[in-house]
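Asks: Put together the whole structure using the sequences plus the hints.
As you go down the protein sequences, you meet chains A and B in turn. Following numbering that gives the first Met the number 0, the numbering of the first sequence begins with 0 at its first residue and continues without gaps. Following numbering that gives the first Met the number 0, the numbering of the second sequence begins with 0 at its first residue and continues without gaps.
Bear in mind the hints are in silico, worked out from the structure with no lab data behind them.
Short derived list, chain A residues pointing at chain B, Cβ under 7 Å: (1) 4; (2) 174; (3) 175; (4) 176; (5) 177; (6) 257; (7) 258; (8) 260; (9) 261; (10) 335; (11) 336.
Cross-link-like lysine-lysine pairs, in silico, DSS-like; alpha carbons within 30 Å at most: (12) A:186 x A:287; (13) B:20 x A:13; (14) B:1 x A:279.
The following label-pair restraints were derived from C-beta to C-beta distances: (15) A:293 x B:176: 51 to 61 Å; (16) A:19 x B:89: 44 to 54 Å; (17) B:46 x A:19: 35 to 45 Å.
For glycine and all other residues, C-beta sits at the position ideal for the given N, C-alpha and C.
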Amino acid sequence: MAKYLMKGNEAIGKAAIEAGCKYFFGYPITPQSEVPEYLSSELPKVGGVFVQAESEVAAINMVYGAAAAGARVLTSSSSPGIALKQEGIGYLTNASLPAVIVNMMRGGPGLGTIQPGQADYNMTVKGGSNGDYRNIVMAPASVQEAVDMMMEAFDLADYYRIPVMVMSDGLIGQMMEPVSFDYKPCKELPPKDWALTGMGEGKKHMVENLVMDADECEAWNHDHFKVYNAIEAAEQDWEDFMMEDAEYAFTSYGTSARIAKTAIGILREKGYKVGMIRPKKLWPFPIKAFELHDAKIKKYLDVEMSMGQMVGDVALACGDASKIEFYGRVGGNIPTVDEFVAFGEKVMGGDK
Amino acid sequence: MKDIKICCAGFGGQGTLSMGKILAYAGMLEGKEVTWSPSYGPEMRGGTANCHVVISDTPVGSPVVTENASCVIAMNQPSLDKFAEVLADDGALVVNADLATYNGEKEVRLLSVPANTLATKEFGGTRLANIVLLGAVVYATNCVSVDFVDSAFEHVFSGAKSKFVPDNKKAFALGYDFAKSL
Numbered sequence: 000m001a002k003y004l005m006k007g008n009e010a011i012g013k014a015a016i017e018a019g020c021k022y023f024f025g026y027p028i029t030p031q032s033e034v035p036e037y038l039s040s041e042l043p044k045v046g047g048v049f050v051q052a053e054s055e056v057a058a059i060n061m062v063y064g065a066a067a068a069g070a071r072v073l074t075s076s077s078s079p080g081i082a083l084k085q086e087g088i089g090y091l092t093n094a095s096l097p098a099v100i101v102n103m104m105r106g107g108p109g110l111g112t113i114q115p116g117q118a119d120y121n122m123t124v125k126g127g128s129n130g131d132y133r134n135i136v137m138a139p140a141s142v143q144e145a146v147d148m149m150m151e152a153f154d155l156a157d158y159y160r161i162p163v164m165v166m167s168d169g170l171i172g173q174m175m176e177p178v179s180f181d182y183k184p185c186k187e188l189p190p191k192d193w194a195l196t197g198m199g200e201g202k203k204h205m206v207e208n209l210v211m212d213a214d215e216c217e218a219w220n221h222d223h224f225k226v227y228n229a230i231e232a233a234e235q236d237w238e239d240f241m242m243e244d245a246e247y248a249f250t251s252y253g254t255s256a257r258i259a260k261t262a263i264g265i266l267r268e269k270g271y272k273v274g275m276i277r278p279k280k281l282w283p284f285p286i287k288a289f290e291l292h293d294a295k296i297k298k299y300l301d302v303e304m305s306m307g308q309m310v311g312d313v314a315l316a317c318g319d320a321s322k323i324e325f326y327g328r329v330g331g332n333i334p335t336v337d338e339f340v341a342f343g344e345k346v347m348g349g350d351k
Numbered sequence: 000m001k002d003i004k005i006c007c008a009g010f011g012g013q014g015t016l017s018m019g020k021i022l023a024y025a026g027m028l029e030g031k032e033v034t035w036s037p038s039y040g041p042e043m044r045g046g047t048a049n050c051h052v053v054i055s056d057t058p059v060g061s062p063v064v065t066e067n068a069s070c071v072i073a074m075n076q077p078s079l080d081k082f083a084e085v086l087a088d089d090g091a092l093v094v095n096a097d098l099a100t101y102n103g104e105k106e107v108r109l110l111s112v113p114a115n116t117l118a119t120k121e122f123g124g125t126r127l128a129n130i131v132l133l134g135a136v137v138y139a140t141n142c143v144s145v146d147f148v149d150s151a152f153e154h155v156f157s158g159a160k161s162k163f164v165p166d167n168k169k170a171f172a173l174g175y176d177f178a179k180s181l
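Replies: Written out as C-alpha cells, the structure is:
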C-alpha cells in the first residue's frame, strides 16, 4: 500500500475524505490549522463543501445542521476552540446526531499556549456541556493511528448516533510520519432513516432537542444511557505494552504514551518488570484492561501532559487510588524520556 | 540499529525544516520507521527554526530530540550555541562553517562544512546550502543510503518542481564528498 509522509493534521483531513466525509465547518487555530487548510483545497475536489465559519460556535452549529441532514460531517479545533463548541456538542448528543470532532490539544487553561498539551481530558471525557451525556473519545498516539481512528470515528458516530471526539495534541498534529490510507467500514451501518432529507412520499422526520415534559425528558435520558451502556460493553479499546510479566504499569495515552514507551524500553534494560496500559479510547475507559492485569500490578505510574486528569479514571478502574503515582508536565511542555525514566526509578525504587 | 536522532537547526528561510523532511522521506523509502517533528512555537521572521528527525528499525517512541542526539546540524551560530549540548558523546556535530564556529569545551566529532561558500561557488547562491550540509550529515551518520536520498528528491520535487532535482542531487554530493575529504 502506498505510504505518504504526512503531517498529522493533513493526514486527518485526508482520512476524513477517505471515510466519506464531505462537509467540514471550522475555524483556524494553532496547532490544528492544517486540518481546515488541507480540507479547504481537497474537499471541493470530491464534491464536498468547506466552510470557514465566523466562529467556533457557528461551526459546531453548522455541524448540527449537516448531521441532521444525514451527512458525514467534521469539525476540528484546538483546546480553547473546543471549549467554545461545548454547547453545540451537548445539543448534538441530546439529538442523537452523529458527528466527528477533532481536538488537537494545546496548553491551557484559557488561551494558554500553542504548544502541545493533554489537559482537556476532563472537558472531553467527562463532558464540558450541560446534562447527563457521553461522547466516544479516541486518543491516537501516532499519525497512522490518527488516520485509522478518524475512519473508525465516522462509523462509530453513525452506528451509535453519537458525536465522536478524536482527541490528540499539537505534536501529533504537527509531526510527519509515514502513513497509509485503507478505509474499510468497521460496522454494518443502519440506514439513516431519521435524517431530514425532505419528506417526499415518506413520513415526517423531526430532530428535536427541547422536551417540554419532565417524564419524557427522563425517558430520553434513559434511552441515551442504553446506548452508552452498549458502548461501554462493546467499545473499550487499549494497547497492552510489555504487560506479560509486568509488576508495574505506566498508564498514559497519546503523545505522553509514546514517550513512555521509549522510557519503558530503557527501564526494561535496567531490569524493571514494567509495561503500560495505553487507553486508545478514553471513553469508554478500558476498565477491562485493569480487570485483566490489576492482580499482579504493584503500582500504576500515570504520566500525562496535564496535572493528572486521568488519575481518577485509573483509580476507579483498579479500585485502589493508593496504587497510583503521577508525573506530568503542563503548559505546552513535552516531557522527556529521561524524566519518565527517573520517575519510574523513583516509584519502583530498585524493585527489579 | 539503534535509533538515529537528528536535530536540524538554523534560522527561518535556511531550509532546516525541508532538509529534515528529505532525510525522513529517504528513511521512509528505505523502509525504516521515521518521524519528523518541527518546533512550532511563536516564531518570528528571521528567528530560529528547528526540527527533529528520528530514524529507526522499530516504531519510534519519543519523536522529540532533547538529549543524546546522533547528529546536530547547526546552520548558524545561535543554533550551534543552543543545540550543541543535545549531542550524544559519540554524536556528529555538523556545522555551517560560514556562519558558525564551534567553541565548546566538549570534545566532539566536528564536521565543519563551508556550505554557503560551496553552494555559492556551484550554484551562484546560498539556497542549496542546507542540502550541502545534508550530504555531510548522511556521510557522518550513515542514517540512510545515498540512493534513497536521491529518490527522496524525486518524490519531494515532483511534477513542475522536478527541475530542482538535478541541482539538489549535485548539492548533496558536494557536501557528502567534502565531509569525506575532512
